[in-house]
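Just so you know, the sequences run in chain order E and S.
Position in the first sequence (first residue = 1) + 3 = the working numbering.
Position in the second sequence (first residue = 1) + 3 = the working numbering.
By construction, these hints were calculated from the structure, which means they are not laboratory data.
Any given hint could turn out to be false.
Copies of the same chain are indistinguishable here, so a pair counts whether it falls within one copy or spans any two.
DSS-like cross-link-like pairs, simulated, lysine-lysine; straight-line CA separation at most 25 Å [as the list claims (entries may be wrong)]:
1. Lys22 to Lys89
2. Lys116 to Lys6
3. Lys75 to Lys116
4. Lys75 to Lys89
5. Lys83 to Lys17
6. Lys6 to Lys89
7. Lys75 to Lys6
8. Lys75 to Lys131
9. Lys116 to Lys83
10. Lys51 to Lys83
11. Lys131 to Lys6
12. Lys116 to Lys89
13. Lys22 to Lys116
14. Lys51 to Lys116
Number of protein chains: 2
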Amino acid sequence: MRKAALDRWYGYMKSHDPKALWDLLHPDAVFESPVVHTPQRGREITFKYLCGAEKVLGGAGFTYVGEWLSDKGAVLEFEKEIEGIKINGVDIITFSDDGSLITHFKVMVRPLKAINLLHRLMGEQLAKG
Amino acid sequence: MRKAALDRWYGYMKSHDPKALWDLLHPDAVFESPVVHTPQRGREITFKYLCGAEKVLGGAGFTYVGEWLSDKGAVLEFEKEIEGIKINGVDIITFSDDGSLITHFKVMVRPLKAINLLHRLMGEQLAKG
Chain E
4 MRKAALDRWY GYMKSHDPKA LWDLLHPDAV FESPVVHTPQ RGREITFKYL
54 CGAEKVLGGA GFTYVGEWLS DKGAVLEFEK EIEGIKINGV DIITFSDDGS
104 LITHFKVMVR PLKAINLLHR LMGEQLAKG
Chain S
4 MRKAALDRWY GYMKSHDPKA LWDLLHPDAV FESPVVHTPQ RGREITFKYL
54 CGAEKVLGGA GFTYVGEWLS DKGAVLEFEK EIEGIKINGV DIITFSDDGS
104 LITHFKVMVR PLKAINLLHR LMGEQLAKG
């Protein structure tokens, strides 16, 4: 089941279909950003941040370059270039016990320049609604 | 072999023995920091950065809280609090084909406050020699 949920995540990153993302999130899903310490709790806010991140980071040029697995989830490494700045990060995804839904989504990004850029772009994206 | 090398890494993080670290690094090892894009190439500079990072981050309060594996390596998630700031990061470790040595070591850290703190502390540590 975890493998199926991971494939659904990869599918969403290709389809950009918000409904596919919503259906993949556990009602108690938690999002942790590269910028702020405080976790964002609940499906709605997690959905909002992931949609925003997908709009800022996803699409042309976004590539997953690594995958590591554990019993509970996966770490996916990505690369993307925006405004001439190379962004390198990881999605740390935890699945529900039955492996069907995402319960926790944490993002880390390097280097410092890339975090500052994402901080600005995500702020602009979230302000749009 | 990869499991053995990973255990040697965990062992080093407990023993803090520089020789154990040196013996674990491939001659062509590469280090990538959370702060700067440009990779640091070679065993000597990788050793220097990892020793510095261990002095800044390692020791009391440093804890690994997650482990994910791939064919080639591992992602280890860590936590540490310094000066009241919670640091959360990952070590992304790649091993040589025979699994015995570290060929690549990449670190990412969140949130932004923690990166700025580490940037400053690592600068001070490396200046000490």
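To see whether the hints hold, each was checked on the structure:
In the homo-oligomer, the alpha carbons of Lys22 and Lys89 never lie at most 25 Å apart, since the shortest distance is 30 Å inside one protomer and 34 Å across protomers. In this assembly of identical chains, the alpha carbons of Lys116 and Lys6 never lie at most 25 Å apart, being 33 Å within a copy and 34 Å across copies at closest. In this assembly of identical chains, the alpha carbons of Lys75 and Lys116 never lie at most 25 Å apart, being 31 Å within a copy and 28 Å across copies at closest. Taking CA atoms no more than 25 Å apart as the test, Lys75 paired with Lys89 passes between copies only; the shortest distance there is 24 Å, against 30 Å inside one copy.
Within a single copy, Lys83 and Lys17 get their C-alpha atoms as close as 15 Å, which meets the 25 Å cut-off; across copies the closest is 36 Å, which misses it. Taking identical chains as interchangeable, the C-alpha atoms of Lys6 and Lys89 are never at most 25 Å apart, the minima being 29 Å within one chain and 32 Å between chains. Within a single copy, Lys75 and Lys6 get their C-alpha atoms as close as 10 Å, and across copies as close as 19 Å, so both meet the 25 Å cut-off. When the C-alpha separation of Lys75 and Lys131 is checked against a cutoff of 25 Å, the pair qualifies neither within a copy, at 34 Å, nor between copies, at 41 Å.
Within a single copy, Lys116 and Lys83 get their C-alpha atoms as close as 13 Å, and across copies as close as 23 Å, so both meet the 25 Å cut-off. Proximity of Lys51 and Lys83 under a CA criterion of 25 Å is satisfied intra-copy only: 21 Å inside one chain copy versus 29 Å between copies. For the homomeric pair Lys131 and Lys6, neither the shortest alpha-carbon distance inside one copy (34 Å) nor that between copies (47 Å) is at most 25 Å. Taking CA atoms no more than 25 Å apart as the test, Lys116 paired with Lys89 passes in both settings, with 9 Å inside one copy and 21 Å between copies.
Proximity of Lys22 to Lys116 under the C-alpha cut-off of 25 Å is found in neither arrangement, the shortest distances being 32 Å within a copy and 34 Å between copies. Taking the closest pair of Cα atoms, Lys51 and Lys116 come within 25 Å of each other both inside a single copy (24 Å) and across two copies (23 Å).
Hint compliance for this structure: hints 1, 2, 3, 6, 8, 11, 13 are not met, and every other hint is.
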